[in-house]
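Residue strings, one per chain:
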Amino acid sequence: MSRLVLARREQVVRGGQPLAFFVGLVFALVLGAVLLVISGDPVIDTYQRMFERSLGSADVLSTTLNRAVPLALAGLAVSIAARMGLWNIGAEGQILFGATAATLIGRIGADWPGPILIIAMLIAAMLGGALWALGPGLARAELGVSEIITTLMLNEVALRLIRYLQNGRWKDPEGFGFPNIEARPDQAQLGAIWERAHLGVIIAIAVIAAFAWFVNRSAWGYELDIAGASPKTATYAGISMRGKVLGVMVLSGAIAGLAGGIELTGTAARLSENISNGFGFAGIIVAALALMRPSGVALVAVAFSAVQVGGLSIQTLGVSPAVSAIIQALILFGAIAAVVFSTYELRRVERKVAS
Amino acid sequence: MSHPAVELDGIWKRFPGVIANAGASLTVRPGTVHAVLGENGAGKTTLMNCLAGVYLPDEGAVRIDGEEMRFSSPSDALAAGIGMVHQEFRLVPTFTVAENVVLGAAPRVIDAAAINRQVAELADRFGFEADPTRPVWQLSMGERQRVEILKALWRDAKVLILDEPTAVLTPQEAVELGKVLRRMVAEGRSVIFISHKLDEVTSFCDEATVLRGGASVATSVDIATVDAGELAKLMVGESSATPPSPRLATPGDVMLSVDSLTVMDSRNLVAVDNLSLSVRSGEIVGIAGVAGNGQRSLTDTIAGLDVATSGTVSIGGVDVTADPPRRRVERGLAYIPEDRLGVGLAPKLPITHNAILRSYRDLRNGPLLSWDRAKAFGRELVERFEVKVGREDLPMASLSGGNLQRLLLGRELSRDPSIVVASQPTRGLDVAGVAAIQNLLVAQRDAGTAVLMISEDLDEILALADRIVVMSEGRIVGEFDPRVVSRSEIGEAMMGAPT
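Chains as they are written, first to last, in our numbering: chain W, 1 to 355; chain Y, 1001 to 1499.
Treat the hints with caution; some may be incorrect.
[Claimed, not checked] Only some residues are given here: those of chain Y computed to face chain W with a beta carbon under 7 Å:
| # | residue |
| --- | --- |
| 1 | Ala1322 |
| 2 | Arg1326 |
| 3 | Gly1342 |
| 4 | Pro1367 |
| 5 | Leu1368 |
| 6 | Leu1369 |
| 7 | Arg1373 |
[Claimed, not checked] Footprint (simulated), chain Y over chain W, 3 or more residues, beta carbon under 8 Å:
| # | stretch |
| --- | --- |
| 8 | 236-250 |
| 9 | 277-285 |
To be clear, the hints were calculated from the coordinates, so they are not data collected in a lab. Note that the Cβ used here is the ideal one computed from N, Cα and C, for glycine as well.
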């Protein structure tokens, strides 16, 4: 008798990862084609549209880049926490509260000059995200409460807060009775850098590059590695685990909050329940596909964004939203399988038989 | 004539670099509680794992009721009536007592009420107090152990192996356990009781087998006819004491002093009990004792990894009881923890990361770490302490046990400490590794460092220590001069035998 088990590869195959991603993509597209045939949609046209509307021209590529910004920052937030074994499932809430804090500054500084207002709003967004992660960080550091649960629950709180504000205190008086929050000041708009792409793209790249460099070069990053690999060893070495847990959670929240601030000043005109679009949760997938390496999140986020943008676009061809969602999911599954199979392989083992 | 319930005949079991069992034998008569005695590392647990189907012996026969068996899994052994309660319990915390008991051996149709009743009856039969509906996470360690025993009884185990069962029990719970064992053997079952505590063995057991160095040195000794001192002698051997290596420095000032220290363990039981101890510069104080008598709590508290309930720890005359670990290191303390891979090192990280663990703060340029200097530091350490490594970016775990310990000890000594606390510094190392580590410790003492060494290896203590103290149940129960003491004197003190 024998069975198949997943075992770690003894040596990593050279160039295996790109190859695995390619194979994963082909698998996903073939399965998606079967689905399209069943649903009666044109296969070639659909895939062509998907590509054209995500990467096919400067116009759509710049949209894809804009959407990649919050994905990449959320991915960075998750990966930094994961580096020391913490799960920040609350990037979504931190994005929402970051955007809320930025909106508050927008209301206060409605007549400030654009650049100053934008900088103030982005700082407020980071502080807001940090504040949203502070509670879970404290609870984890002082009492050992699972940050997975607390960060997840605070997502809902941030959402309800926005719902409250849009129906109450911040309701737009000129919104014809619709529950909308007043639009942010016009001058708080991040400038365009290329086609539709805004300055947020540059900010995200700079933040990710700075972190990738700092984490690998600094004593702080070294302590993070020790704390993540073995908390007992960190304590033995005189590294305060409480301080590290708290610091990393707050930092992770600040990065996610920044994503909320950039969404507000870059793409959205006003704070709303939908401002995050699930970026915080997608960030977990981005971080996982980047193997929790800060340096990898940017590239993964662009690919992820392209799949989402392209996937949405095929609905204009008459493909149903459900089929579009399934095709996006298949591509993700292909990518995740590629990550698994570039480090693991299937091995046949003999089952032990009692004699 | 009836067959023995269990017969292990000439069992050999080798692991890479270690011979755990070298021709060990054991005969257990039905209806008896049989003790398996031996120091740590004597091969007790391995032998029991061979009987319980966890390991397949390399050589030798396992006979149950006179019939030769070959168990290739614990379930094979269980089917033949052998149940084992391991030191770490294997229970589902969120399940109830009854659910845990029947897990994997439940009737096809599950009737919760009937199962609860049956489990309660089973518990009652053996004199347990157990509420079958309580979830296991609410239970004390002693109660959890009863659930493990019930699990074996539910499967109708004829032979029950208990691996150091009293280690997790309070003294009262231990007495209760003794009563339960009596009821079991009264039904004709047999119990194998692994221990290194002589007083328990003499009060609970009928016969004993003593293991030393993986072999049985005495089998089926009738407990009623032997005194505790003789058993202690059998366990530790009779070889003559090695005189300690002559020291070059004369002991100077007290560098480390522990005064009336009390420490609680994670179960809130007393681990270190009002203990006082001092170590002078230029001497090695060896703490002898069986594992689990508070040594770990003592050294962890000295290093600042555990918290004192009362009493003080002073380094170089300064009270450091409230100081964090880092402050103590800065005052000249070096600590080689017992759990090298779990506490002293980060096995998954590269060798360089581990080499600079104590000194990375000195390798900074502002907030940045100079990796060039870090690598140079690591290479110097590797060379000076003759650590055999591949590349320094390989994970620490790629090193052999002896080289891991050399790097760890070298790292601690590289800061020129005034006090070295070394816990089980040579455990598990090969002969060359043991010699290298011992030489480093002796050289450190001769250079005037205060050395506190904890070891279960009496030979090591006798060879290195200038002063020997024996620790038992969190207290110091004796102090000896290694030049005049005999092994059996120390052995008896270690085993808690009346001296």
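Exercise. Holds or violated: is there a CB of chain W closer than 7 Å to the CB of Arg1373(Y)?
Worked result: Where the cut-off is 7 Å and the nearest Cβ of chain W is about 12 Å from Arg1373(Y), the hint is violated.
Problem set entry | Ala1322(Y) as an interface hint toward chain W, with CB separation required under 7 Å | At about 15 Å, which exceeds the 7 Å cut-off, the nearest Cβ of chain W leaves the hint on Ala1322(Y) violated.
Problem set entry | Check of the stretch 236-250 of chain W against chain Y for coverage (Cβ-Cβ below 8 Å, three residues minimum) | It holds, with 4 qualifying residues against the three required.
Problem set entry | Given coverage of the stretch 277-285 of chain W by chain Y, checked by CB-CB distance under 8 Å (3 or more) | The restraint on the stretch 277-285 of chain W is violated, since only 0 of its residues have a Cβ under 8 Å from chain Y and three are required.
Problem set entry | Interface hint for Gly1342(Y), Cβ within 7 Å of any Cβ on chain W | Since chain W brings a Cβ to about 6 Å from Gly1342(Y), closer than 7 Å, the hint holds.
For this session: Tell me if Leu1369(Y) is really an interface residue toward chain W, meaning its C-beta lies closer than 7 Å to one of theirs.
Result: Holds, because the Cβ-Cβ distance from Leu1369(Y) to chain W comes to roughly 5 Å (cut-off 7 Å).
Exercise. Going by Cβ atoms only, is Pro1367(Y) closer than 7 Å to chain W?
Worked result: 5 Å, holds
Problem set entry | When the least beta-carbon distance from Arg1326(Y) to chain W is tested against 7 Å, hint result | Status holds, d = 3 Å.
Exercise. Does the nearest C-beta of chain W fall within a distance shorter than 7 Å of the C-beta of Leu1368(Y)?
Worked result: Since chain W brings a Cβ to about 5 Å from Leu1368(Y), closer than 7 Å, the hint holds.
The structure fails hints 1, 7, 9 (numbered hints given earlier, in ascending order).
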